[in-house]
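A.B. asks: Residue numbers (this note's numbering), protein chains in the order written: chain A, 1 to 326; chain B, 1 to 323.
Be careful, since some hints might not be right.
[Stated by the list, open to error] Keeping only pairs whose Cα atoms sit at most 25 Å apart, straight-line, the calculated DMTMM-like set for lysine to aspartate or glutamate is:
| no. | chain 1 | residue 1 | chain 2 | residue 2 |
| --- | --- | --- | --- | --- |
| 1 | B | 267 | A | 247 |
| 2 | A | 271 | B | 312 |
| 3 | B | 133 | B | 76 |
[Stated by the list, open to error] To give a feel for the contact side, a few chain A residues facing chain B, derived at Cβ under 8 Å:
| no. | residue |
| --- | --- |
| 4 | 159 |
| 5 | 161 |
| 6 | 162 |
Rather than coming from a laboratory, the hints here were simulated on the basis of the structure. Virtual Cβ for every residue (Gly too), placed ideally from N, Cα, C.
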Amino acid sequence: MPEPIVEIKNLSVYFYTYAGVVKAIEDVSFDIYRGETLALVGETGCGKSVTSRAITKLIESPGKIVNGQVIYHRDDGSTVDLLKLSDEGIREIRGNEIAYIFQDPHSSLDPLYTVGYQIGEAMEVHGKVRNIKEGIAKAVNILREVLIPDPENRVKNYPHELSGGMKQRVVIGIGVANNPRLLIADEPTTALDVTVQAQILELLNELKRKYNATVLLITHNLGVVAETAQRVVVMYAGKVVEIGTVDQIFHNPLHPYTTALLRAVPNPLGKIEKLESIPGTVPNLITPPKGCRFHPRCPFAEERCRKEVPKLKEIEPGHFVACHRY
Amino acid sequence: MEPVLKVEGLKKYFPVRSLMRTVAWVKAVDGVSFEIMPGETFGLVGESGCGKTTTGRTILRLIEPTEGKITFKGRDVTQLKGKDLLWFRRHAQIMFQDPYSSLDPRQTVFNIIMEPVKFHGIEVDDPEEFVIKLLESVGLNEMHLYRYPHEFSGGQRQRIALAKILALQPDFVVLDEPTSALDVSVQANILNTLKELQRKHGFSYLFISHDLGVVKYMSHRMGVMYLGKLVEVGPAEKIFENPLHPYTQMLLSAIPIPDPELARQKKRMEVKGEPPSPINPPEGCHFHPRCPLAKAGLCDKKEPPLVEVEKDHYVACWLYAKA
Ligand SMILES: Nc1ncnc2c1ncn2[C@@H]1O[C@H](COP(=O)(O)OP(=O)(O)OP(=O)(O)O)[C@@H](O)[C@H]1O
Ligand SMILES: Nc1ncnc2c1ncn2[C@@H]1O[C@H](COP(=O)(O)OP(=O)(O)OP(=O)(O)O)[C@@H](O)[C@H]1O
Ligand code: SF4
Ligand code: SF4
Ligand SMILES: [Mg+2]
Ligand SMILES: [Mg+2]
């Protein structure tokens, strides 16, 4: 039996804006298994980032976590609901046992400090080194680990002196500096070229193996999912619509949205007859459609879909779907 | 059949200035040649900064070429002036990546589409009906006529941009990453519309993208660019089935495949290094510092010529040419 490192239960996050309450994610539940790479996929605005940030209460005003639990299983077997922790308590975990890598290296790196200083600081904050000097010294090893050539000199570089791919390696370096148990990577390669993307994904895989860590990978690129993840959570308009292994999701997709999404992506190695598009547009989350949020765009929608919210059901072992057809 | 567009030895160098002096040149496009036939899509792929956009804009004379010949429907584009240049501006169009900045936010959809029509002096009997027809052909309708760009989603804005281009009845359109800012489901929609319009009107496209899957779906023939040069040119099917240039092979091996089974079987090639700067590109074959097959003494000294290896399939690599 796979054992969970994090159980997300009935998580809802709302944003209280002038235009109204944005129900960004609603009743989101899934487990992250220890040692796996779990991909969170879906189109722009479906709630991937909000979900991943809420895991460590990283939601800022006007956002609010209105409901849910995030049960974290420590290596020693003890458990804690992260959402119940004080700000102080969660800060001890964030950047330490649970670390983030964000998409945009520009916003994750401070232009005023050397990369060595920034890696060193991340360690010092969590007491992994006695002072910043020791941190900078250790940063050399970390840069070597993320395959930056000439780390002894690079450690003294400022972010603007590095290429986009190098910067993202530094961001990953900061992420793994404290040997995290769970690494949350939010679109870590979206801003990069394909050859650099391949290198960064390879690096992430290697670090994961080496540290025996768990990775939550957020992406909208189904190719990246197929190549790096073992399991997939598909989101649509703030809801989880399907969960399964990569083979279940790609070869036996159940939810009409997942099926449509897969048919919309051109596969450069496969035969492409005709891409299928999904009619209509993504709903606004202030007044999301009643019942199944996909019903206005679903070719199988019936009366029940417009009224009742479908619940996640396990159809085959490990394969869950939220759709009235099943 | 005559090509719609013929590009020969196209170069575009940008000056790098320091203290008012030109200290170096960015060789953004460095000797590119290809042809596009009527009704054909020519795909242009390559990584960021390799010169795709510069190629597209230089062809349209949105920026002046440093060197080279561009022939559009039999006429030398670099020599066009006055009325002839206007004729070219009408029949060769461009669609940009960013659906947010390419439409005037203060104009209604109707005005956005009619403005260039009036500018080119194209007679229409009933402007309203004319615009509605155009909107319908890109999947919008008369409800959208008097709305403003901010009321539309990214995909809908790209449709408006497309309707605006259609209004001028061009022969050739440069599509510069027309769907990279869009979600996949919306992208599929736009790509299908582009294909359908091509079938109906016989447009020729220069389709620029860094997404190899999209290029495969759209293109009849394609070119792979690396640091300002075309390294491989040929029918899209052939290049995907049998990539010959080591860079194309690396690109295809790096691209993530949306199918776990195919992904596991995929031939993998180690991806070395990052693309170098086009300011001081490596000598000889630009790709040699990253190429696993580079021959010392040759690849780092002499530039390989573009040679025809099989019918209509060209490669610039010393593995396929005699030194
Ligand atoms: N600060 C905010 N104020 C209001 N709404 C917000 C805010 N942050 C996020 N949202 C809303 O929450 C929803 C989910 O956003 P989220 O960033 O999680 O999407 P995503 O799936 O990560 O999308 P992307 O692929 O574009 O990164 C969106 O509808 C978004 O508009
Ligand atoms: N106006 C300019 N002045 C100076 N350099 C320029 C200018 N426009 C482009 N360049 C440079 O020319 C090279 C080619 O740029 P170009 O925009 O054509 O690349 P691209 O292949 O379209 O890249 P991308 O995929 O990022 O859009 C780059 O190194 C770029 O920095
Ligand atoms: S619940 Fe109904 S509307 Fe929703 S995906 Fe299933 S069939 Fe379609
Ligand atoms: S010419 Fe030499 S370096 Fe260039 S791609 Fe061919 S083998 Fe590699
Ligand atoms: Mg996001
Ligand atoms: Mg470009």
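A.B. asks: All the hints need checking, so say for each whether the structure fits it.
C.D. replies: Consistency of the hints with the structure:
no. : hint          : verdict
1   : B:267 - A:247 : 20 Å, holds
2   : A:271 - B:312 : 22 Å, holds
3   : B:133 - B:76  : 34 Å, violated
4   : 159           : 16 Å, violated
5   : 161           : 13 Å, violated
6   : 162           : 10 Å, violated
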